[in-house]
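S.K.: As a plain string of letters, each chain reads:
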Amino acid sequence: MARARQQASLDASAIAWVTGALCATLLPHAPYLPVWVLPMFLLSAGWRLWLARKSSQLPSRWLRLLLAMLAFALVYASQRGISGVAAGTTLLVVMMGLKMLEARTRRDTILLLVLAYFLILAAFLREQGPMLALYQILATWAVTTAMLQVTRSGTFLPAREAAGVAGQLMLYTLPVTLVLFLLFPRIPGPFWALPSTSGSAVTGLSDEMTPGTIAQLSQSDAVAFRVTFEGKAPPSSQLYWRGPVLEKFDGRSWSQGNWPSPAMDISRIDYRGAAIRYTVSLVPHDKAWLLALDLPARPLPADARLSRRLQLETLKPVRDRLVYTALSYPDYQVLGSLSERERALFTFLPERSNPRSQTLARTMRSQASTEQAYIQAVLNKFNREPYVYTLAPKRLDMRNPSDDFLFNTREGFCEFYASSFALMMRAAGIPSRVVTGYQGGELNPFGDYMIVRQSSAHAWVEVWLDNRGWVRVDPTAAVAPERIRRGLPDSLRLGDPLPGGLLRSVPLLADMRMAWDLANARWDEYVLGYGPELQMDLLSRFGLNMPTPLQLVLLIMSLVAFFLLLLSLYLARNYRPRISDPALLLYRDFLRKLEKAGLHVAVHEAPGDLASRLGRLRPDIRTQVNNVTTNYMLARYRKTDRYQLALEQLRNAVRAFKP
Amino acid sequence: MNQASSNAAVAVDMEVEVLHKALGALNRIILDKDHQLRLCVACLLARGHLLIEDVPGVGKTTLAHALARVMGLSYQRIQFTSDLLPADILGTSIFEQDSRRFRFHKGPVFTQLMLADEINRATPKTQSALLEVMEEHQVTADGDTYRLPEPFFVIGTQNPTSHIGTFPLPESQLDRFLMRISLGFPGQLLERELIQGNDRKEMIAQTAAVLAPDQLLALQKLVPKVHVSPALLDYLQALILHTRRLPELAPGLSPRAAIALLRAAQAWAMVHGETAVLPEHLQAVFPSVAMHRLALTDSSTTATDFAQAILEAVAIP
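Those protein sequence lines, which keep their order, are chains Y and H.
Start counting the first sequence at 1; every next residue gets the next number (the numbering used here).
Start counting the second sequence at 1; every next residue gets the next number (the numbering used here).
Hints listed in this document are in silico derivations from the structure and should not be mistaken for laboratory results.
All C-beta atoms, glycine included, are put in the ideal place defined by N, C-alpha and C.
Where hints are given, some of them may not hold.
Said to hold, decoys possible - Mimicking DSS-like on lysine-lysine, the simulated pairs with C-alpha atoms at most 27 Å apart in a straight line are:
| hint | chain 1 | residue 1 | chain 2 | residue 2 |
| --- | --- | --- | --- | --- |
| 1 | Y | K639 | H | K225 |
| 2 | Y | K658 | Y | K596 |
| 3 | Y | K639 | H | K221 |
| 4 | Y | K248 | Y | K394 |
| 5 | Y | K316 | Y | K232 |
Stated by the list, open to error - Which stretches of chain H does chain Y cover? Using the computed rule of at least three CB atoms under 8 Å from a CB of chain Y, they are:
| hint | stretch |
| --- | --- |
| 6 | 56-69 |
| 7 | 113-124 |
| 8 | 211-219 |
Build the full structure now, drawing on both the sequences and the hints.
M.R.: This is the structure in structure tokens:
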């Protein structure tokens with residue numbers, strides 16, 4: 001009979017619950033799925049719902065098989081295989097839709113909901129932000145509610161009540177969740193090798209720069225890294241975050257060049273003045289360099305070295321969020337001189353490229369008495385002549401882009417100026433190179449840290465002066481001094497597209513944006529960044545220094561057991577039917593005394609029957625037992641005006657009772 | 001209310017004597033069946049009807065006859081056969097030459113205690129005619145309604161259902177009987193006394209009535225006034241709920257069955273001279289009241305065993 005009920009076909013509301021829960025878990029995947037997947041899922045879910053409403057037959061086995069094979073082929077074709085996060089989730093979603101069409105028993109709905117839990121987990125393979133985490137908690141709630149409904153024997157609860165129970169269940173699991181999160185043994189690096197999400201390039205600086213590269217990057221509002229300074233943040237004019245240094249110029253673009261860059265001999269650098277100490281939390285950019293203030297000194301961040309280019313380089317590309325502490329001196333000098341080979345490298349220009357620029361440079365150099373005067377003259381040219389700083393410059397003639405820029409369009413973003421300036425330096429025989437990185441940053445008033453976004457991407461020039469080493473020259477400062485002093489938004493031409501748009505200009509929204517960034521930063525730091533170091537740090541605060549994984553596992557097991565015990569005690573206390581009748585409580589005391597004396601009482605044994613049985617079994621206590629029983633039955637079952645008296649007598653009888 | 005029920009308590013105290021006497025008289029005729037006799041009397045007091053299911057020869061008829069005699073009730077016996085028609089029980093309208101009119105001749109059902117012997121031998125049509133009368137306490141013929149005498153008590157007997165040539169009563173009609181009991185064989189010692197002793201028919205004829213029908217009616221009116229505490233109702237509901245949760249007993253006991261249980265327990269309490277229903281009273285009547293209302297899907301366990309299992313599974317709250 002029970003089996004027959006279980007096998008009965010599912011009703012429409014069970015299907016509706018499952019569909020709703022599945023839709024909730026699908027939402028975070030939606031942007032990544034091929035366009036046809038979601039409509040197909042909704043179509044099969046809707047079809048199933050319609051069939052349930054009409055209590056019609058489900059589609060035949062052959063039709064379902066055909067659909068499944070078709071769907072598999074579609075997924076295989078559109079994803080070029082079935083491995084990887086994208087293809088895997090696509091296949092899962094499609095097949096879940098089809099599974100709806102053969103969901104016939106309660107077991108099927110449970111299976112679908114377990115798969116929904118899996119989908120919730122799978123979304124974290126793509127993204128691990130706090131917003132998604134929050135949403136997935138809600139999705140888990142929805143799935144748990146649906147699970148509760150379909151596994152109920154009998155009718156469904158009202159939605160609100162079911163959600164309440166599910167929420168309660170999730171709250172009960174919270175301590176265990178926290179224990180597992182905090183104590184599960186962490187291993188350095190990612191927990192498992194995430195399959196690379198193909199095709200989606202990481203935004204950030206690259207090792208090549210053509211006019212337009214940085215302007216495009218400036219459109220992105222994404223965070224490049226966050227910095228916490230020890231002490232006060234330095235002024236904006238010192239905030240040159242040094243990234244890749246580009247030394248090779250082919251007439252159009254600057255690149256790192258493929259020659260080796262050995263470690264810099266740090267003793268050649270004369271650091272001066274006060275140091276700035278800060279901690280950077282770097283968003284993974286998939287490149288083998290770190291960002292640091294110009295110019296980092298020892299101690300360098302772990303696993304990093306300062307190359308001859310004065311660039312902080314790592315052995316492996318940064319694929320996980322990385323936190324490092326660095327020390328920089330804004331004032332420094334590289335001692336010594338360039339070798340002939342280096343001088344040749346840093347003054348190299350393709351002969352035929354940008355002829356007008358080269359000619360102009362030579363003319364201006366001959367008019368200037370010193371290198372310094374020449375540099376100043378070029379900067380003055382940018383400053384005095386009608387050059388415009390803009391994010392949306394006219395397109396350049398790519399055969400001789402610098403010529404086109406300097407003589408015709410005269411408008412551009414920082415890389416235009418940096419590129420042309422470095423070219424003019426090289427043409428005049430002054431060694432020079434382009435440095436890319438970030439300039440400036442926004443202080444977050446809520447968290448006392450600085451956010452550096454991709455929109456702060458910048459390019460500037462370094463020239464080698466014989467008695468001063470590498471000297472930073474920022475031609476952008478000559479064109480648009482505000483860019484350096486106050487940041488990008490204030491320095492752009494009217495009508496230029498501005499990253500962040502409205503978010504920057506409305507004060508309340510700007511505050512919210514900062515608060516949200518703080519939340520993100522803390523999430524990165526404490527949740528995603530909860531690795532072996534933080535874990536050991538936390539444990540040592542509780543007196544556990546460097547526990548072995550075995551110790552951790554034992555700790556987890558005992559804590560989980562402790563919380564489960566606590567929870568079951570709480571539930572037992574809560575769910576025991578409340579006894580409001582003191583007579584019954586007293587009678588229970590009596591029964592306990594009997595049990596202790598080895599006289600077993602069955603749960604269903606009526607008081608009268610018990611009394612006569614005991615009377616036969618133990619004539620010595622017959623009177624006492626009868627006394628208790630009579631008063632108990634009087635208080636609990638009989639109609640009496642003297643309830644209190646009966647209760648009092650019962651209490652005395654039970655107290656006096658000694659079997 | 002309080003006054004009325006304490007009056008009732010006094011009345012019960014007085015009538016308990018009478019009931020004890022009645023039971024004493026019955027016990028002299030039917031040997032070794034005290035529990036069943038008490039159930040019989042309780043059933044009568046609760047205004048229910050009684051179904052006795054047993055093999056022939058264990059004293060079903062004797063019991064019915066003795067009960068009628070002791071309780072001072074008029075008695076009719078109908079042997080149910082497969083050709084018995086409803087009119088054979090209820091009565092028929094006959095054309096009378098003298099008055100040149102149809103006149104209703106009351107059937108054997110117009111009595112206070114009716115023994116419907118081997119009820120499952122009759123066709124369903126006849127069975128349902130009887131069951132209708134049991135429910136309504138009246139007969140309608142040719143547009144006229146004839147009330148049955150009060151008290152009206154039917155004892156149906158049936159052979160175990162597997163016997164050939166029977167029409168087993170459907171569950172919905174079994175429900176009309178408040179209790180179902182079986183007598184079973186007497187113990188060795190008492191059976192010997194039974195064999196050696198006087199003829200039962202003679203004994204019945206010599207037995208005097210202990211109660212008058214008026215007294216019985218008064219007692220019947222007191223049954224619903226026997227006190228039922230909330231604690232006892234908790235227990236009753238726990239028992240009912242348990243039967244609904246057992247897959248073997250689907251769909252479990254109905255609210256009507258719950259009321260029947262309560263009435264039977266109240267009558268049982270009265271038979272035992274109690275002014276309130278105690279858990280043991282409920283337990284005592286439970287197998288007889290509940291089991292024939294539950295469709296046992298598994299035929300290997302007997303109803304009695306099952307009833308005991310249910311009782312043992314439910315803790316007294």
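S.K.: If a hint holds in the structure, say so; if it doesn't, say that too.
M.R.: Right, here's what the structure says about each hint:
1. The straight-line distance between the Cα atoms of Y/K639 and H/K225 is roughly 11 Å, inside the 27 Å bound, and the hint therefore holds.
2. Restraint check for Y/K658 and Y/K596: satisfied, since their Cα atoms lie roughly 10 Å apart, inside the 27 Å limit.
3. Between Y/K639 and H/K221 the CA atoms are separated by roughly 19 Å; this keeps the pair inside 27 Å, and the hint holds.
4. Only pairs whose Cα atoms come within 27 Å are accepted, and Y/K248 paired with Y/K394 is accepted, the gap being roughly 25 Å.
5. For the hint linking Y/K316 to Y/K232, the alpha-carbon distance of about 32 Å lies beyond 27 Å, and the restraint is violated.
6. Beta-carbon proximity to chain Y at under 8 Å applies to 0 residues in the stretch 56-69 of chain H; the threshold of 3 is not reached and the given coverage is violated.
7. Proximity of the stretch 113-124 of chain H to chain Y, defined as three or more residues with a beta carbon under 8 Å from a beta carbon of that chain, is not established by the 0 residues found.
8. With a cut-off of 8 Å between beta carbons, the stretch 211-219 of chain H has 0 residues touching chain Y; three or more are needed, and the interface restraint is violated.
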